[in-house]
Amino acid sequence: MKRLAAGTELDGFRIGACLHAGGMAHIYEVTYADERAAPFAMVMKVPRMTAGDGAENIVGFEVEHQILQVLHGTHVPRFVAAGDLVSLPYLVMEHVQGLTLQQVLDAHTHDLTRATVPEMAQLGAAIARAAHSLHQQNTCHLDLKPANVLLHPDGHAVLLDFGLSCHAHYPDLLAEELRKAVGSPAWIAPEQVVGVRGDPRSDIFAIGVMLYELATGELPFGNPQTNGGMRQRLWMDPTPPRRLRDDLPEWFQEVVLRCLEPEAAKRYPSAAHLAFDLEHPEQIKVTQRGQQIQGTPFFTHVKRWLKAAGMHYQPSPLPSQQIDEVPILMVAVPHHDVSDATLYSLRQAVARSLGIRPGARLAVVTVISPNLSSTSEHDKSETTLHRQYRTMLQQWAQPLDLDDHQTSYHVLEASDVANALVRYAEGNNVSMIVMGAATHGLQMQRFVATVPIKVAMEAPCTVILVKQSLPFELLNSSS
Amino acid sequence: MKYALLSDIHSNLHALDACLAHAQTQGVERIAILGDLVSYGAFPSEVVARCQALQDEGAVVVRGNHEELVQMHNVNTPNPSLGSQTAQWTHDQLSPAQRFWLETLPLTERVDQLFFVHASADAPERWRYVEDERIAGLSLDAACSHPDVRYVFGGHVHHQSLYYRGTGRQLMAFKPTAGVPIPTPKHRQWIATIGSVGQPRDGNPRVMYAVFDSTSAKLTFHRVAYDHRAAASAVREAGLPEFFALRLETGK
Numbered sequence: 001m002k003r004l005a006a007g008t009e010l011d012g013f014r015i016g017a018c019l020h021a022g023g024m025a026h027i028y029e030v031t032y033a034d035e036r037a038a039p040f041a042m043v044m045k046v047p048r049m050t051a052g053d054g055a056e057n058i059v060g061f062e063v064e065h066q067i068l069q070v071l072h073g074t075h076v077p078r079f080v081a082a083g084d085l086v087s088l089p090y091l092v093m094e095h096v097q098g099l100t101l102q103q104v105l106d107a108h109t110h111d112l113t114r115a116t117v118p119e120m121a122q123l124g125a126a127i128a129r130a131a132h133s134l135h136q137q138n139t140c141h142l143d144l145k146p147a148n149v150l151l152h153p154d155g156h157a158v159l160l161d162f163g164l165s166c167h168a169h170y171p172d173l174l175a176e177e178l179r180k181a182v183g184s185p186a187w188i189a190p191e192q193v194v195g196v197r198g199d200p201r202s203d204i205f206a207i208g209v210m211l212y213e214l215a216t217g218e219l220p221f222g223n224p225q226t227n228g229g230m231r232q233r234l235w236m237d238p239t240p241p242r243r244l245r246d247d248l249p250e251w252f253q254e255v256v257l258r259c260l261e262p263e264a265a266k267r268y269p270s271a272a273h274l275a276f277d278l279e280h281p282e283q284i285k286v287t288q289r290g291q292q293i294q295g296t297p298f299f300t301h302v303k304r305w306l307k308a309a310g311m312h313y314q315p316s317p318l319p320s321q322q323i324d325e326v327p328i329l330m331v332a333v334p335h336h337d338v339s340d341a342t343l344y345s346l347r348q349a350v351a352r353s354l355g356i357r358p359g360a361r362l363a364v365v366t367v368i369s370p371n372l373s374s375t376s377e378h379d380k381s382e383t384t385l386h387r388q389y390r391t392m393l394q395q396w397a398q399p400l401d402l403d404d405h406q407t408s409y410h411v412l413e414a415s416d417v418a419n420a421l422v423r424y425a426e427g428n429n430v431s432m433i434v435m436g437a438a439t440h441g442l443q444m445q446r447f448v449a450t451v452p453i454k455v456a457m458e459a460p461c462t463v464i465l466v467k468q469s470l471p472f473e474l475l476n477s478s479s
Numbered sequence: 001m002k003y004a005l006l007s008d009i010h011s012n013l014h015a016l017d018a019c020l021a022h023a024q025t026q027g028v029e030r031i032a033i034l035g036d037l038v039s040y041g042a043f044p045s046e047v048v049a050r051c052q053a054l055q056d057e058g059a060v061v062v063r064g065n066h067e068e069l070v071q072m073h074n075v076n077t078p079n080p081s082l083g084s085q086t087a088q089w090t091h092d093q094l095s096p097a098q099r100f101w102l103e104t105l106p107l108t109e110r111v112d113q114l115f116f117v118h119a120s121a122d123a124p125e126r127w128r129y130v131e132d133e134r135i136a137g138l139s140l141d142a143a144c145s146h147p148d149v150r151y152v153f154g155g156h157v158h159h160q161s162l163y164y165r166g167t168g169r170q171l172m173a174f175k176p177t178a179g180v181p182i183p184t185p186k187h188r189q190w191i192a193t194i195g196s197v198g199q200p201r202d203g204n205p206r207v208m209y210a211v212f213d214s215t216s217a218k219l220t221f222h223r224v225a226y227d228h229r230a231a232a233s234a235v236r237e238a239g240l241p242e243f244f245a246l247r248l249e250t251g252k
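Residue numbers (the numbering used here), protein chains in the order written: chain A, 1 to 479; chain B, 1 to 252.
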């Protein structure tokens, strides 16, 4: 469609300023034509082609038309209206305020600066959380790049442009039997290059590229113009970011290179895991991946190249199912007034829950009262105290077989235990909380809302309340 | 206009009633029955009577291969197959008028942009299974030789699939999720197998059917729970082969 003049009326909307005139579509500010107040600012996206043209260019718009209407949450622009694809194609959505990540990058380039490590960790976590929210809705974005990530002033990320996305509930209009690469060459994941669409870990790869770009100002795989150039990432590791910027901590490189693993199975299994690491950098286990400065040896690349030559398309399961299989499990371990029997039962429950979920991540949490720490006494200084409790948690977890599970230990300070546990679960996309039923006072539940009851009522996820069921007690009663 | 698409009822009255009740809650305005009304189940005569009544109210009904199988009678073979046992029994349950009605049903029907056929539209009388992208393509091309046709609905294969054109030349297969309205805009061509009302075979005993809304161009595949144990007991009580009762219980 031709560019619309400001003031034109279209299907009940009045066209305002043209914000963007791209190759595929125009984006206009719009208001309701009947002067009715809108609850938020709106934009209208109008494709240049129409479905009647039969052109492939319209397919991306059709995909977005399909997907934007069913997405919800704070990480996508709110959907307002859509016109008929054939006769009057347009989409009206929320005009989200904020800067795109591209604008942030450009500002740094202009000022000859680089983002600080805490800034990058915060940005990365925000984008990962947004991606996770999309994956939970069975959608993979598949075109994450700085221009498509909007940073809201309050710190959360909003993802834009779903023209290459894939929703597992709908026929994938961009799929075809030849399995062509669909994506933006600099950020596309290796499996997308061979035509796999619908793996949430492809988005994790793109987040890795963006973090690499933020940290070093360079693209890890350049901006290839040919299919052969894009295929490089099927076997090649990028230059370690620490080689390009020496003030980067090892943990940061560990995170970025894990996102950029050529094999999806070696990346973070879900974006929630990635966000978790970026929010708790002190708990990241740094491997050779984080330490290396030299880059991958030639021989390793040759071996991988041979493996990649055989890589082919495989259908992906539902994204929500895939990420459900690698949940973040949280266990609340009490630190006082607790019997060995309770600690034992908690451990058994955690072992059982982890046993059926390889790849699940465990967060071991305890809540201490803020009164416990003191700024004057060394023994009670915050760090000493936290170290003591962390050691206690590590001892508790010792008997668990945690080889296949990333594990971290957290001491929270709060006077309201239930609230602290619920907030923590919300903030970290925890899928399941395991906690003692009796230890926090289940017997009292008829009179007051006890901690486990409060948690069970308010938690954003499943809560398992563990009762003491104990070999010890049985022994006692029989003797 | 909202259409309920039903196929392969196979004399299962319990399933048909549950399906029609569900369709009513979906605001369905017209019904299309895509063949294989009879065989296997215990209520051929009742199911035919129901479908005749639906047809009187405007439902589209097309013929399936089982409508032909039950026409023959007195086949005295020494070891009759399970299929011919149920065909013979069904034949005897139906009145001559009902058999005649079944025999004279059309093979295909077209309503505006919708094309209805039991098996494959390129040669409906050959009862070919639309079980992959290639055969779906043949059926779709044949049906779309009429310029209005955008949607082809069929049964026969007892599972739910949607085929569509992606960016390539060949059709793509899609496994639908039950209960999710799928946008099927009319500038594309679509072909769906809508599953079996009365004899699901994918390990889930629930009724399969679909609702197509031509106004919003959305297709929803449904699975509906019904009293499949009662339907299986009726098969046993009628003295039909145990295999068909078991099939209803396990959905396999």
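No lab work stands behind these hints, which were simulated from the structure alone.
For clarity, every value in this text was computed on a predicted model and none was experimentally measured.
Check before you lean on any hint, since a few could be wrong.
Derived pair list, reagent style DSBU-like, types lysine-lysine, alpha-carbon separation capped at 35 Å [what the hints assert, rightly or not]:
(1) A:K145 to B:K218
(2) A:K2 to A:K285
(3) A:K266 to B:K175
(4) B:K2 to A:K145
Structure-based check of each hint:
no. : hint             : in the structure
1   : A:K145 to B:K218 : holds (32 Å)
2   : A:K2 to A:K285   : violated (55 Å)
3   : A:K266 to B:K175 : holds (28 Å)
4   : B:K2 to A:K145   : violated (41 Å)
The structure fails hints 2 and 4 (numbered hints given earlier, in ascending order).
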